[in-house]
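Chains as they are written, first to last, in my numbering: chain V, 1 to 314; chain D, 1 to 314.
There could be a bad hint or two in this list.
Each pair may be met inside one copy or between any two copies, as identical chains are not told apart.
[As the list claims (entries may be wrong)] Straight line, CA to CA, 30 Å or less: simulated BS3-like cross-link-like pairs of lysine-lysine: (1) K213 x K124; (2) K306 x K11; (3) K303 x K199; (4) K263 x K233; (5) K287 x K124; (6) K160 x K233; (7) K254 x K233; (8) K303 x K11; (9) K215 x K306; (10) K159 x K100; (11) K233 x K159; (12) K159 x K287; (13) K306 x K5; (14) K124 x K233; (15) K224 x K213; (16) K160 x K11.
In short, the hints are calculated from the structure, not lab data.
Protein chains: 2
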Amino acid sequence: MNRVKELFEIKYPIIQGGMLWCSGWELVSAVSNAGGLGLIGSASMYPDILDEHIIKCKKATDKPFGVNIALIYPQIDDHIEIIIKHKVKIVFSSAGNPAKYTSIFKEHGIKVVHVVPNLRFALKAVNAGVDAIVVEGFEAGGHNGIDEMTTMSLIPLVKKEINIPIIAAGGIASGDSILAAFALGAEGVQIGSLFAASKESSAHINFKNEIIKAKENDTILTLKELAPVRLLKNSFYQKIFDAYQNRVSTEDLKTLLGRARAKKGMFEGDLIEGELEIGQVSAQINKIKTVNEIMEELTEGFKRVKNNLNNFDF
Amino acid sequence: MNRVKELFEIKYPIIQGGMLWCSGWELVSAVSNAGGLGLIGSASMYPDILDEHIIKCKKATDKPFGVNIALIYPQIDDHIEIIIKHKVKIVFSSAGNPAKYTSIFKEHGIKVVHVVPNLRFALKAVNAGVDAIVVEGFEAGGHNGIDEMTTMSLIPLVKKEINIPIIAAGGIASGDSILAAFALGAEGVQIGSLFAASKESSAHINFKNEIIKAKENDTILTLKELAPVRLLKNSFYQKIFDAYQNRVSTEDLKTLLGRARAKKGMFEGDLIEGELEIGQVSAQINKIKTVNEIMEELTEGFKRVKNNLNNFDF
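All chains, please: the whole structure from these sequences, using the hints.
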């Protein structure tokens with residue numbers, strides 16, 4: 001039995017993270033059609049764009065898919081209305097307190113999963129009544145907690161205290177790491193970076209090429225005072241670094257960050273001035289692949305390493 | 001087949017990290033007697049003390065044990081002479097370049113393992129001719145690399161590029177995490193924090209009590225300009241934090257660190273002024289146990305989670 005598969009009625013307990021600027025209907029429907037769970041990344045969409053992506057996604061797949069919402073999004077109520085209107089069955093919420101919104105979704109029969117970076121928030125999410133949690137380690141790309149607990153240290157800690165299904169995120173880009181996450185206590189995985197660099201991702205090709213070029217230590221978790229984010233150390237990051245060296249105020253950091261940096265980098269392909277959000281596993285990604293290729297490698301890799309472990313002499 | 005077990009002629013591929021102020025002959029011989037590999041932590045020992053611990057360790061166990069040496073240790077040549085004199089068969093080296101010393105050990109038939117925090121240094125260690133490497137993630141306690149690659153992100157990356165056995169370190173404190181490390185490509189694990197808090201550890205009881213009280217996010221990797229180290233956020237750390245806030249120079253940081261901080265905290269039990277080096281897994285450690293209890297929990301836990309995975313519906 002696998003509770004993540006049962007909860008979402010999917011073939012493989014592999015969830016594609018709802019990443020801003022990467023996770024439009026093409027990516028989402030491809031993942032769902034391949035047996036995983038695709039999530040539309042609504043945080044980079046105006047309400048009418050989200051509406052459009054849900055409609056297109058429904059046309060492209062008859063399999064379950066979901067929407068990731070950032071609870072701090074300014075037009076969150078519009079997003080929620082659209083999700084309910086279209087009878088989307090699964091919502092992953094992040095970046096905010098799930099206490100207020102979880103009950104609204106549950107009233108409409110929507111499955112709710114909340115993303116947490118530590119045990120403290122995991123317990124809060126359980127109290128809010130979510131169906132499962134994504135536990136995301138320090139190595140994950142994009143917006144993350146201010147804590148630095150890694151996937152390896154965090155999952156067993158959370159597993160000991162809660163009973164609802166755990167979906168591991170951060171550091172996962174292969175069948176090997178899926179099995180590792182399961183050994184730690186997860187029943188599913190959420191994968192971001194690998195899908196951000198997929199053919200079906202709506203990210204700009206320049207950004208995808210940067211992901212496959214990235215080596216170890218090319219990403220960093222920064223901007224902890226504003227909204228902690230793991231990104232590639234490009235020219236824009238160098239400006240952040242210099243700002244820290246010069247001890248600029250949080251206000252000045254905000255000005256430097258400005259608006260639409262992530263769009264500029266990830267969607268428009270400006271590698272100099274844009275913000276390029278990605279995880280540490282980018283060092284393991286060396287080719288742009290289709291979602292089908294990725295899903296096959298993940299599932300075959302999982303089976304292979306599981307068989308190897310059985311032959312292992314401990 | 002397990003190459004780590006074969007290399008060291010041990011029953012379980014579990015290595016007790018050679019931690020300063022914790023890893024004297026009592027801990028080392030207890031781990032080796034329980035079927036793992038104990039390592040004397042020589043970095044906190046004057047040559048005559050190391051000599052004494054090796055002699056006592058040999059009396060306390062007829063099983064293989066080793067010595068961890070810090071290659072930047074001022075009297076490293078004396079340490080090496082003592083290791084060779086006593087015909088110690090296994091050396092783990094860290095904190096320095098293995099190129100110079102590996103061949104000296106190999107000439108004396110000593111097995112050499114080097115500790116690395118990234119792929120770059122892993123490749124250098126392979127070139128130096130070591131028999132295996134410890135790959136240590138960001139979550140590990142004590143002295144660590146300046147990189148922030150976590151165990152989950154790093155092991156598969158290294159595994160793809162090298163063929164000698166990999167011993168995973170950082171984030172490992174249970175059978176679950178041992179199996180996770182194996183899934184990622186390791187053939188053995190090095191465990192620190194859990195043994196630092198064991199009954200046989202030579203750490204001060206005050207320090208052990210702090211370890212079992214520690215929660216998530218109570219440790220941090222700091223002092224990157226001097227020698228990066230993960231430690232508990234106690235009063236001494238608060239001074240480091242304040243120093244960073246006040247942008248003191250690296251020289252001033254050195255003065256603040258002073259000498260013998262680790263001894264003061266870990267060996268003398270000064271929780272205010274001392275440096276308390278420990279990993280993120282301290283959040284999972286809630287009791288002081290004997291080495292035998294720890295080894296049994298690890299090996300039984302490993303078998304249990306391995307069986308669970310076999311029943312797992314992917």
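Query raised in the report: Between the shortest in-copy and the shortest cross-copy C-alpha distance, which are at most 30 Å for K159 and K100: within, between, both, or neither?
Result: Result: close within a single copy only, 24 Å intra versus 45 Å inter.
Requested in this report: Pop the pair K160 and K11 into one bin, within, between, both or neither, using alpha-carbon distances up to 30 Å.
Outcome: Both. Shortest intra-copy (27 Å) and inter-copy (29 Å) distances satisfy the 30 Å Cα cut-off.
Query raised in the report: How would you label the pair K287, K124 (within, between, both, or neither) given a Cα cut-off of 30 Å?
Result: Between. Shortest inter-copy distance 26 Å satisfies the 30 Å Cα cut-off; intra-copy 39 Å does not.
Report task. Give the relationship of K303 and K199 under a CA distance limit of 30 Å: within one copy only, between copies only, both, or neither. Result -> within (24 Å within a copy, 40 Å between copies)
Query - K160 and K233: within-copy, between-copy, both or neither at 30 Å Cα - result: between (36 Å within a copy, 24 Å between copies)
Query raised in the report: With identical chains treated as interchangeable, where does the CA-CA distance between K254 and K233 reach 30 Å or less: within a copy, between copies, both, or neither?
Result: both (18 Å within a copy, 28 Å between copies)
Report task. Go through the copies and call it for K213 and K124: within, between, both or neither, with a Cα cutoff of 30 Å. Result -> between (39 Å within a copy, 22 Å between copies)
Report task. Since the copies are identical, ignore which copy is meant and state whether K306 and K5 lie within 30 Å (CA to CA) inside a copy, between copies, both or neither. Result -> Both ways: K306 and K5 sit 19 Å apart in one copy and 21 Å across, limit 30 Å.
Query raised in the report: Under a CA distance limit of 30 Å, which applies to K159 and K287: within one copy, between copies, both, or neither?
Result: between (34 Å within a copy, 18 Å between copies)
Query raised in the report: When no copy is named, should K306 and K11 be tagged within, between, both, or neither for a Cα gap of at most 30 Å?
Result: both (18 Å within a copy, 23 Å between copies)
Query raised in the report: 30 Å Cα cut-off: does K303 pair with K11 within a copy, between copies, both or neither?
Result: This pair counts as both: shortest intra-copy Cα distance 14 Å, inter-copy 27 Å.
Query raised in the report: For the identical chains here, do K233 and K159 meet the 30 Å Cα criterion within one copy, between copies, both, or neither?
Result: between (33 Å within a copy, 25 Å between copies)
The structure is consistent with each of the numbered hints, conforming to all of them.
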